[in-house]
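S.K.: Required output: the full structure, derived from the provided sequences and hints.
From first to last, the protein sequence lines are chains A and B. To get the numbering used here, take the position in the first sequence, counting from 1, and add 52. To get the numbering used here, take the position in the second sequence, counting from 1, and add 148.
Quick caveat, the hints were computed from the structure, so don't treat them as lab data. All C-beta atoms, glycine included, are put in the ideal place defined by N, C-alpha and C. Hints are supplied without guarantee of correctness; some may be wrong.
To be verified - Ranges of calculated distance between the beta carbons of each label pair, as one might list FRET restraints:
id, chain 1, residue 1, chain 2, residue 2, range
1, B, Gly316, A, Ala126, 18 to 26 Å
2, A, Val180, B, Arg494, 27 to 35 Å
3, B, Gly163, A, Gln251, 29 to 37 Å
As the list claims (entries may be wrong) - The calculated EDC-like cross-link candidates involving lysine to aspartate or glutamate, where the alpha carbons are at most 16 Å apart (straight line), are:
id, chain 1, residue 1, chain 2, residue 2
4, A, Lys174, B, Glu396
5, A, Lys193, A, Glu255
6, A, Lys156, B, Glu396
Unchecked claim - Here are some, though not all, of the chain B residues that point toward chain A, as calculated from beta-carbon distances under 8 Å:
id, residue
7, Leu385
8, Glu387
9, Ala391
10, Ser402
11, Pro406
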Amino acid sequence: MTSDDSLSLTRGAAGLVATDVCAWFGGRLVLENVSLGMPRSTVTALIGPSGCGKSTFLRILNRMHELVPGAQLAGSVELDGTDIYAGRLRATDTRRHIGMVFQKPNPFPAMSIYDNVLAGLKFSRIPVADRDALVEMSLSKAGLWNEAKNRLRELGGALSGGQQQRLCIARALAVGPRVLLMDEPCSALDPTSTARIEQTIAEIADDVTVVIVTHNMQQAQRVSDTCAFFLAAENEPGRIIEAGPTDVIFSNPNDARTMDYVHGRFG
Amino acid sequence: MPRRIGTPLRPRDFGLADVGILVASLFSSFLLVWVVFYQLTLLSGGFGFLVCWYGSFLTLYWTVTSQIIDRRVATDRVFSTLVITGASLVVGIVAFIVGWVTWKGATHVRANFFTKDMSHFSPADPHVLNKIGVAHAIVGTVEQVGIAAAIAIPVAVVTAVFLNEVGGRGTRLVRTVVTAMSGLPSIVAGVFIYSILVETSLSHYAGFLASLALFILILPSVTRTTEEVLRIVPGGLREASLALGASEFRTVWSVVLPTARSGMITASLLGIAIAVGETAPLFFTAFGNNNMNPNPLHGAQQALPLVLLDFVRTPQGALVNLAYATAFILLSLVLILFVLARVLGRPRTKKAVWRARLRSLTQRSKTSEIDLPKNVLMMSATSIQKESP
Numbered sequence: 053m054t055s056d057d058s059l060s061l062t063r064g065a066a067g068l069v070a071t072d073v074c075a076w077f078g079g080r081l082v083l084e085n086v087s088l089g090m091p092r093s094t095v096t097a098l099i100g101p102s103g104c105g106k107s108t109f110l111r112i113l114n115r116m117h118e119l120v121p122g123a124q125l126a127g128s129v130e131l132d133g134t135d136i137y138a139g140r141l142r143a144t145d146t147r148r149h150i151g152m153v154f155q156k157p158n159p160f161p162a163m164s165i166y167d168n169v170l171a172g173l174k175f176s177r178i179p180v181a182d183r184d185a186l187v188e189m190s191l192s193k194a195g196l197w198n199e200a201k202n203r204l205r206e207l208g209g210a211l212s213g214g215q216q217q218r219l220c221i222a223r224a225l226a227v228g229p230r231v232l233l234m235d236e237p238c239s240a241l242d243p244t245s246t247a248r249i250e251q252t253i254a255e256i257a258d259d260v261t262v263v264i265v266t267h268n269m270q271q272a273q274r275v276s277d278t279c280a281f282f283l284a285a286e287n288e289p290g291r292i293i294e295a296g297p298t299d300v301i302f303s304n305p306n307d308a309r310t311m312d313y314v315h316g317r318f319g
Numbered sequence: 149m150p151r152r153i154g155t156p157l158r159p160r161d162f163g164l165a166d167v168g169i170l171v172a173s174l175f176s177s178f179l180l181v182w183v184v185f186y187q188l189t190l191l192s193g194g195f196g197f198l199v200c201w202y203g204s205f206l207t208l209y210w211t212v213t214s215q216i217i218d219r220r221v222a223t224d225r226v227f228s229t230l231v232i233t234g235a236s237l238v239v240g241i242v243a244f245i246v247g248w249v250t251w252k253g254a255t256h257v258r259a260n261f262f263t264k265d266m267s268h269f270s271p272a273d274p275h276v277l278n279k280i281g282v283a284h285a286i287v288g289t290v291e292q293v294g295i296a297a298a299i300a301i302p303v304a305v306v307t308a309v310f311l312n313e314v315g316g317r318g319t320r321l322v323r324t325v326v327t328a329m330s331g332l333p334s335i336v337a338g339v340f341i342y343s344i345l346v347e348t349s350l351s352h353y354a355g356f357l358a359s360l361a362l363f364i365l366i367l368p369s370v371t372r373t374t375e376e377v378l379r380i381v382p383g384g385l386r387e388a389s390l391a392l393g394a395s396e397f398r399t400v401w402s403v404v405l406p407t408a409r410s411g412m413i414t415a416s417l418l419g420i421a422i423a424v425g426e427t428a429p430l431f432f433t434a435f436g437n438n439n440m441n442p443n444p445l446h447g448a449q450q451a452l453p454l455v456l457l458d459f460v461r462t463p464q465g466a467l468v469n470l471a472y473a474t475a476f477i478l479l480s481l482v483l484i485l486f487v488l489a490r491v492l493g494r495p496r497t498k499k500a501v502w503r504a505r506l507r508s509l510t511q512r513s514k515t516s517e518i519d520l521p522k523n524v525l526m527m528s529a530t531s532i533q534k535e536s537p
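M.R.: Below, the structure is given as structure tokens:
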């Protein structure tokens, strides 16, 4: 029984603060005491080599981590001061506030483009006053409206890979999230589509706080305001080595390992 | 200077020389086996000859190809031949059965077979075939199988969802039980229902009991097939749905099941097709009846496989013809089901388009209720224009 107004697109961005987050798979510690602030209306990039826990951290931020059998976690994640693990918020509500876009574009194949955009609202039984307007707004924000406006009734799978990914962004935006998590959203896309999505990120950043995992250093530099460098030594859990403004991380980091990584000397 | 384009090559083509090798191998192996089989060793029998011919053809084909072309090509072609033979054998057998039953049965089908039952059967009557029919069996089979499917499909889908989406403790046990159940001999299912319901006088013979036995029989097949279909739904779709704030129930209901829809329809119809053809479990449950009994809950009922068995075993020529006609009807029923599966299982883009048109019409007419008649016409005209660019 969620009221309509609390979930409109104009709710605005919110900050996320993670404190002493640890994560386990089975009995194995994969993330140790990660603390990171992701301020409202900014773009935060999580960088680091594969297997250092970036994606795990990202999935902890909207309670997707707990879906993996045997996964455990510790620490707290606060969305504008409300701990999403404290029990007041249900996981499903949390995920509506904190949306997610995945590495592989995954539009629902049995639904049209139109229904894909509205899927999140339908799933949560949230009434929509003007569906057409919401679809247009979400697709416009994701930069897909001009390409898709005449094919709204086609199946989502009929779009190209880059368009599918933008459809997924539109779908995530339609429920009016306050934070959008992106897990390597461009790694399956060509440079043109990548540029299009980066442009989208820049455009939506005022309305939603963006946290993006990327392996592409140039991308991190282009899209993010702040940057966090994750690293896991051999047989050790992942930790944040350094976090700060993107230009500092890329030009004048405190830690030598950060310097080496962002300049491609390892990883 | 005109641009020069090279002659297009098709390196994988099966050219004239290749056809020559194939035909020559077939022909020489035929002659060779004919000489050895019938002339030298005085063996007999068509089947043995065919098997020997096929074996020596493969050997010869491989030898000749490896001599003329290459050993690897030879191995490749012999393997292709084996694969093609296997596939044609399957198609051939099915085509033969369907063709044979159609040939023997279709010519005997008359309109009264679909409208009359066996109550006016008298062996001495020369016009007996005009007075009898299998309407009672058609009604019985449709009801028995329909009820069985109506119980089995929901149970199977729920079980498959449990196995694939919910999981946890008990998954292995349930899967093992379902697998073991699929090995249950069909007669045992019939005897089981008989012994717990008829022998204990809880119920008399009835079509519904046949449905229960058929339910036991098709449940494992539908469950396992549905589970396989659910398993190939990409995990990314479930994650996407959950990440939008959907509950696990909504994810299964709105994403997983619709995505697997066409496969699930196929699974269900395969189950129904199994049930339509089952004979053994009906003996002790529906029992058989020469008269029409449309009530599946009370009294013995006829079914197509039962009546077919009855007819085939009689010494009456007329009834044997009716048996072939019944077999044809039974086969047609299964064929209709398979066509239905294909039609229902198609992606529903076209349907979605029509639904959307209807919706847009009704929505627009709702928003402008004051000057409805003129506006609806105008709106429908514009929406049709819009939908067809």
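S.K.: For each hint, tell me whether it holds in the structure or not.
M.R.: Here is what the structure says about each hint:
1. Under the hint 18 to 26 Å, the C-beta atoms of Gly316 (chain B) and Ala126 (chain A), about 24 Å apart, fit the expected range.
2. Between Val180 (chain A) and Arg494 (chain B) the beta carbon distance is about 30 Å. The supplied range of 27 to 35 Å therefore holds.
3. With their beta carbons about 54 Å apart, Gly163 (chain B) and Gln251 (chain A) fall outside the hinted range of 29 to 37 Å.
4. Only pairs whose Cα atoms come within 16 Å are accepted, and Lys174 (chain A) paired with Glu396 (chain B) is accepted, the gap being roughly 14 Å.
5. Distance hint between Lys193 (chain A) and Glu255 (chain A) is fulfilled; the C-alpha atoms sit about 7 Å from each other, no more than 16 Å.
6. At roughly 21 Å between alpha-carbon atoms, Lys156 (chain A) and Glu396 (chain B) are farther apart than 16 Å, so this suggested pair is violated.
7. At its closest, the beta carbon of Leu385 (chain B) sits 6 Å from a beta carbon of chain A; the interface hint therefore holds under the 8 Å criterion.
8. Taking 8 Å as the C-beta cut-off, the interface hint given for Glu387 (chain B) holds, the closest approach to chain A being about 6 Å.
9. Against a cut-off of 8 Å between C-beta atoms, the interface hint on Ala391 (chain B) holds, since the closest Cβ of chain A lies about 4 Å away.
10. Checking Ser402 (chain B) against chain A by beta carbon gives a least distance of about 6 Å; that is within 8 Å, so the hint holds.
11. For Pro406 (chain B), the shortest C-beta to C-beta distance to chain A is roughly 4 Å, which falls under 8 Å, so the interface hint holds.
In this structure, the hints that do not hold are numbers 3 and 6, in rising order.
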